[in-house]
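Engineer: Each chain is listed here by its residues.
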Amino acid sequence: MENTDSKQLLDMTRRHFFGRAGFGIGTLALSALLDERLSGAQTNPLAAKKPPFPAKAKSVIYLFMAGAPSQLDLFDYKPKLNQFDGQPVPPELVKGERFAFIQGTPLLLGSPHRFGRMGQSGAEVSHLLPHFAEIVDDVSIIKSMWTTQFNHAPAQIYMSTGHQIVGRPSFGAWTTYGLGSENQDLPGFVVLLSGTSQPDGGKSCWGSGFLPTSYQGVEFRRSGEPVLFLSNPEGVDAAARRRSLDLIRDLNEAREADTGDPEIETRINSCELAYRMQTSVPDLMEMSQEPAHIHEMYGTEPGKNTFANNCVMARRLVERGVRFVQLFHRGWDTHGSSGSDDIVNRLSEMCRATDRAAAALVKDLKQRGLLDSTMVVWGGEFGRTPMNEARDGSKFLGRDHHPRAFTMWAAGGGIKPGVTVGQTDDIGYNIVEEAVSVHDLHATLLNRLGFDHTRLTYRFQGRDFRLTDVEGEPVKKLLM
Amino acid sequence: MLFDRLQFVAALGFVPLCFAQTDDFVSRIQPVLKANCVVCHQGAKGSGGLALDSVAGLAAVVKPGDAAGSVLLQRISSDDKAVRMPLGGNPLPPETVAAIRAWIERGAPGLSQAGESKAVHWAYVAPKRPEVPAVRNQAWVRNPIDAFILARLEKEGLSPSREATRETLIRRVSLDLIGIPPTPAEIDAFLNDTRADAYERLVERLLASPHYGERWARPWLDLARYADTNGWEKDRRRSIWKYRDWVIDALNRDLPFDQFTVEQLAADLLPKPTPTQIIATGFNRNTLFNEEGGVDKDEEMWVNLVDRVNTTATTWLGSTLGCAQCHNHKFDPFTQKEYYQFLAFFNNTAIIDKHYGDTSHKYIEPQLSLPSGEQEARRKKLQKRIDSLEAKLKTQTGKLDREQRRWEEQMRSLEGAWKPLEVTAARSEAGTKLVRREDGSWLASGENPDSDTYVIELRVPRPESVTGIRIETFPDASLPKGGPGRDAYGDFTLTAMRLETVSSSGAAQPITIARMKSDGGHVKTDKDKPIAPLWEVDASRDEKRVGRQLVCVFKEPLAVDAGVLRLTLVQASEFSGQGIGRFRVSATDAPAPLKTVQVPAEQRAVLHMDPGQRSKKQATALSDAFRKVAPSLEASRGELKARQDELEALGIPTTLVMGDKRGTETPTAVMRMRGSFLSPGETVSAGTPAALNPWPAGMPKNRLGLARWLVSPGNPLVSRVAMNRMWEQYFGHGIVETSEDFGTQGERPVNPELLDWLAVEFMSRGWSQKAMHRLIAMSATYRQDSRVTPELEQRDPYNRLLARGPRFRVEAEMVRDIVLSASGLLSEKMGGPSVFPYQPEGVWDMPYNDETWKMSTGEDRYRRGLYTFVRRTSPYPSMSVFDAPSRETCTVRRVRTNTPLQSLTTLNDPVFFEAAEALAKRVAGEAGPAPAERAAMAFRLCTGRRAKPSEIDAIVRNYESQRDGFRQHPELAAKVSSGETKDAEMAAWVMISNALLNLDETLTKE
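Residue numbers (the numbering used here), protein chains in the order written: chain A, -16 to 463; chain B, 972 to 1977.
Among the hints, erroneous ones may be present.
Said to hold, decoys possible - If the Cβ cut is set under 7 Å, some of the chain A residues that face chain B in the computed set are:
(1) Gln132
(2) Pro195
(3) Pro216
(4) Arg225
(5) Arg226
(6) Ala240
(7) Asp244
(8) Met268
(9) Met270
(10) Pro274
Claimed, not checked - Which residues of chain B face chain A? A partial, calculated answer using Cβ under 10 Å:
(11) Leu1649
(12) Glu1653
(13) Glu1942
The hints are simulated quantities; they were obtained by calculation from the structure and are not laboratory data.
Beta carbons: idealized from backbone N, C-alpha and C, even for Gly.
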């Protein structure tokens, strides 16, 4: 918020919540509040704010692989599992375990996919991810993620908000609450969807929970205008729109003079910002501005709703100072109940649709010098079982939901490159080393953004809530 | 963050009026001790002999006025880890230490309240009617509310604002009481009403309006988390709108709040409840319902119980009882055990364990069917007929046996009429090796390409006699898993098929396939999505790995000279290598060849078996297949379908309700350690928290008792909590700002005496909500002008003391209602199933649910906001952008935001632009022709106020420039103009209307 032009836009919020409207604001907001009050200025909820500690990452691109990719076929290579393919799982391992679909004693399922050691780090990567293999030294792989949830919607809500029941703010909402955004002409938290549908957890995956709705993710739509109601109605050109905005402003200003209510100033600014968004968003969406080699690199398909197109868009958003971009790509749910949801056909298909673009995104950010300040996170909501699900006797190869161990990766923004965190047992059932909970992951990511995760809080219903609930430790090994 | 406020205040160097805190040991200091110290230093066995939960214990470590000399401060602020408390733990945050230091320095006020006497937080002491305070400006006081407000203002040296203008008042009170702005005629009537009690009459008229119930249902439906879908992944529809209508109706008939409570929590347990009363129990059936495949149904049920407890406690007790789900409440007097005792009240639901297939089942809670007398009679009749038809269709009789034998004969003869066609050429475009087998079939082998096209040429002996062709596929040991397809599982997918005749000159002529049918596998029909495969066969189970056929008939008979047929089979599905493994093509000259597939693939072999050789299972399966097509049963099948449709078309409304198991004395619940479902603990019986009022004598320990306990006179919270929420709707803030939390961590009431007076008054007026609305709306406090003077902006920026009237942006539903009302589009139709106003395509994008938003027709497009369909995982955009919650959880307070996305919505959402067009048309029809006249009317319809000359000037000038702009672009004007008038003038008025509907004043209650 350096230039004066942006300063004029500072007045965007209801003072009522950034004032002490009894929401009992945490430390962070308090400092903002003090600044605001002492300077006599009102606060735009999305005005850029400094984090309490020096930050490595300024922005986040979170690639949420909804449906849960199979770590055992992509990252967590288990020769022993291949060796014991078709054998019953040791009963003591699954005694009392709750599975979503598996019944009885399931059989172990080796991976039908080849693995190879990649990059300087020698990380083992499935041949389904040839492009990821090229960026393996830029990323940190966490093989020891675990979660408490074993059904999609609650697990996605848990991964998104730190709690399995809907109602809490999402990671992106917390981030924009804490840091605002660098670009006031675009939303601070943008959501891009590709794949089969919106995620199972619904729009609460990017909701603001009990935080003001200013912090909820703004969904860029799959087709039509990217932001709902962005375009003027048919027949209304920019000049006509400008004229009506002038009238709105004039009459609002007159009313402000009459009533003395500073809220009106806020509404005037919202209106003007809406007008500016009408130009800045279409400019952002103008993919033809990208050179051919970028299209080639990501594998875009202009005019379609693809993960690759969304990756390019994510980079363009971050370039423009948008704080948090979250991509959801749903379709990784490879149970093997049919030929279209197995780890042979479906998983290959999902990798073909995402691998190249995800790797291109990291490479592209790096070549532009943006990777240092942009954290890229990739992962699903839980893992998949080392056992074949065989639902109702299905012959298709597939894995059930597995909360005990799964793999995610992160790159950039002060995440140490080329590191692998954690280890699972010989068949990938349990974590044996360096377990990372969802709260630990969130604590780590918030740390890179310049926060002590225990201090980024918001008072609601008598309690200071935080993204990490009451747990979580940053994973030191991931910090650069 | 306990002391933010104190620090904040100190940093500012002045004490904002309304936040002046008396030192509050109970709500500020004691919680710190409780959370950090008392775990060890408690009671007679307190560590180090110190009991910080007693006055004596505290006195031993606190020297009032001397912080440095107080052991408490020394120990919490020491740098020595061996000394610093909490021992072995993280040090207390510096601001907490600072606050304790400040408290001691100030003489440790409130210390004597600590300890054995158990100082009680104000909210847990039942309110007593406070004396109405004396004020200097007695003339201003219209009722006791004003005395309480004025006493405080006078204390602070402030005076109330003058009364708002009548124009402002009628709009304000209309929005507050019925949620719809007044019409110009209503405004004029009020302005011209010279009677002394004109305002009182206005209030009475509004309270009697049925729209009152609609307006006040909205906040209650937020509490009740009312929605039209189940939430979570599948988010399927549910029918519970009868509950919404019950709330509206109950408010309109002013059902006393105690009865309102009892019916919603426990009407089903009342002696002889009416169906209408039972509908009310939908309050706690608005819980989510997760139907995701792998859900643990017991955990799912438990999650719903937790939600019922938390919602009930928030709604009636304004308490964060939910904090005690995992551990004893850290700040308020609720133990974890008490949490589960409270939960036990709800843990007695009558559930049906419903099974779906082998592996999944769900718990289904009660549902109430609400037929009219006529519907019920019809339903009974239909159901009886349906049952009898179903029985008939299931019963194999001797007559049917004889008919089946004839059918089998016919099927075998049809089968025999198919003759394999001689293949003259067969090739694969992608290199699959196709080899002919003795039976005339072709087997694929060699490389398995990702996608492929087979082109087969066939000789047809007598083309003009061909009535159909068929493609048969066969399992084959050489194929993966035994075939019949080539993918890893033996499946195949055919994505396209072409049929052509080839003349002797080589010219190809396409043949149109009229219909095709298969005896198994998915066959695309026109209704399917374009991406669906044409013929997709899942042969993954052994019993499904059988030969299958696809039969096609043509639109036109084949030409006489069509000697060669060319068949092109394309496999280009999203998955690789799914070609057909072994197939054969035949033709028939028999009539009705599609009948061949009346025999399902799995039963085809049975058809050719001697009846005596068939197993019972095989025989039954074949009979079942036969009865589905048996001509003699055709009439019955048709009637069954018709009756079922008729039953469905009766549209008997249903609604979700509570219902308890019979015969349980006192319900119990299993405690969950650390709040985790997976850690069961002790079993506890239903009961209420000891810190609150005692259980009423003789009351049964069930939900009904719980409801009666809540509204019994000794309950300290219910009346206060309800009145506080009502106040919040009028003034934008509750007297307790944290209307969802009256506990020690919530805000103190800004005017405690007023809150208590209202609470007691509410009960003494028989819990009549309308009586309390009347009091508030009539008060001088409420009638004040809302102008913000610089002094007030400085001294009371949030208007907590109410030295002026309320002024804030209205809620989401009211934004819609105001805009529709101004434009004249608003439908005043009440109740019924939720409606679907315009919503852009693609907003609904749910997994496992391809339901689309079908826009309502007629006046249902313009209904009030509260009737808009609520889909939890995908809320209606113009509602959520204005802070309406998704109704996934209980919401007490909506945070009011002000964002550019809101502006985009009100400027461009077709709903809002349509309103602008309607408003322009309305004004053109009703106002005089002069631009100033139209401007005046449009402005007044939007704001309820007569515009000032300067405002009229601004509008007219803007109108002229818009008009001139459109004159230069008639093509644009034609698109913007409304109705039949397609000129620049009308287009300009549409733009003016759009602007006026976007004014802050239009969307604000002043």
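Engineer: Hint validation: A/Pro274 versus chain B, beta carbon distance must be below 7 Å. Holds or violated?
Structural biologist: For A/Pro274, the interface hint is violated, since the closest Cβ of chain B sits about 30 Å away, which is over 7 Å.
Engineer: Restraint: A/Arg225 near chain B, CB-CB cut 7 Å. Satisfied or not?
Structural biologist: It is violated, given that the least Cβ distance between A/Arg225 and chain B is near 10 Å, above 7 Å.
Engineer: Holds or violated: is the Cβ of A/Pro216 closer than 7 Å to a Cβ in chain B?
Structural biologist: This hint holds: A/Pro216 lies near chain B, its Cβ roughly 4 Å from the closest one there, short of 7 Å.
Engineer: Given A/Pro195 was flagged as interface, is its beta-carbon under 7 Å from a beta-carbon of chain B?
Structural biologist: A/Pro195 check passes; min Cβ-Cβ to chain B is 5 Å, inside 7 Å.
Engineer: Hint validation: B/Glu1653 versus chain A, beta carbon distance must be below 10 Å. Holds or violated?
Structural biologist: violated, 21 Å
Engineer: Would the stated hint for A/Met270 survive a check requiring a Cβ distance to chain B of less than 7 Å?
Structural biologist: violated, 19 Å
Engineer: Given a cut of 10 Å on the nearest C-beta pair, is the interface hint for B/Glu1942 held or broken against chain A?
Structural biologist: Given a least distance of 8 Å, the restraint on B/Glu1942 holds.
Engineer: Verify the interface restraint on A/Asp244: the C-beta must sit less than 7 Å from at least one C-beta of chain B.
Structural biologist: A/Asp244 check passes; min Cβ-Cβ to chain B is 5 Å, inside 7 Å.
Engineer: Do the numbers back the hint for A/Met268, that is, is its least Cβ distance to chain B under 7 Å?
Structural biologist: For A/Met268, the interface hint is violated, since the closest Cβ of chain B sits about 15 Å away, which is over 7 Å.
Engineer: Are A/Arg226 and chain B close enough, Cβ to Cβ, to be under 7 Å, as the hint says?
Structural biologist: holds, 5 Å
Engineer: Double-check A/Ala240 for me: the hint is only fine if its C-beta lies closer than 7 Å to a C-beta in chain B.
Structural biologist: At about 11 Å, which exceeds the 7 Å cut-off, the nearest Cβ of chain B leaves the hint on A/Ala240 violated.
Engineer: At a threshold of 10 Å, is the proposed contact between B/Leu1649 and chain A supported by beta-carbon distances?
Structural biologist: holds, 8 Å
The structure is inconsistent with the numbered hints 1, 4, 6, 8, 9, 10 and 12, although it conforms to all the rest.
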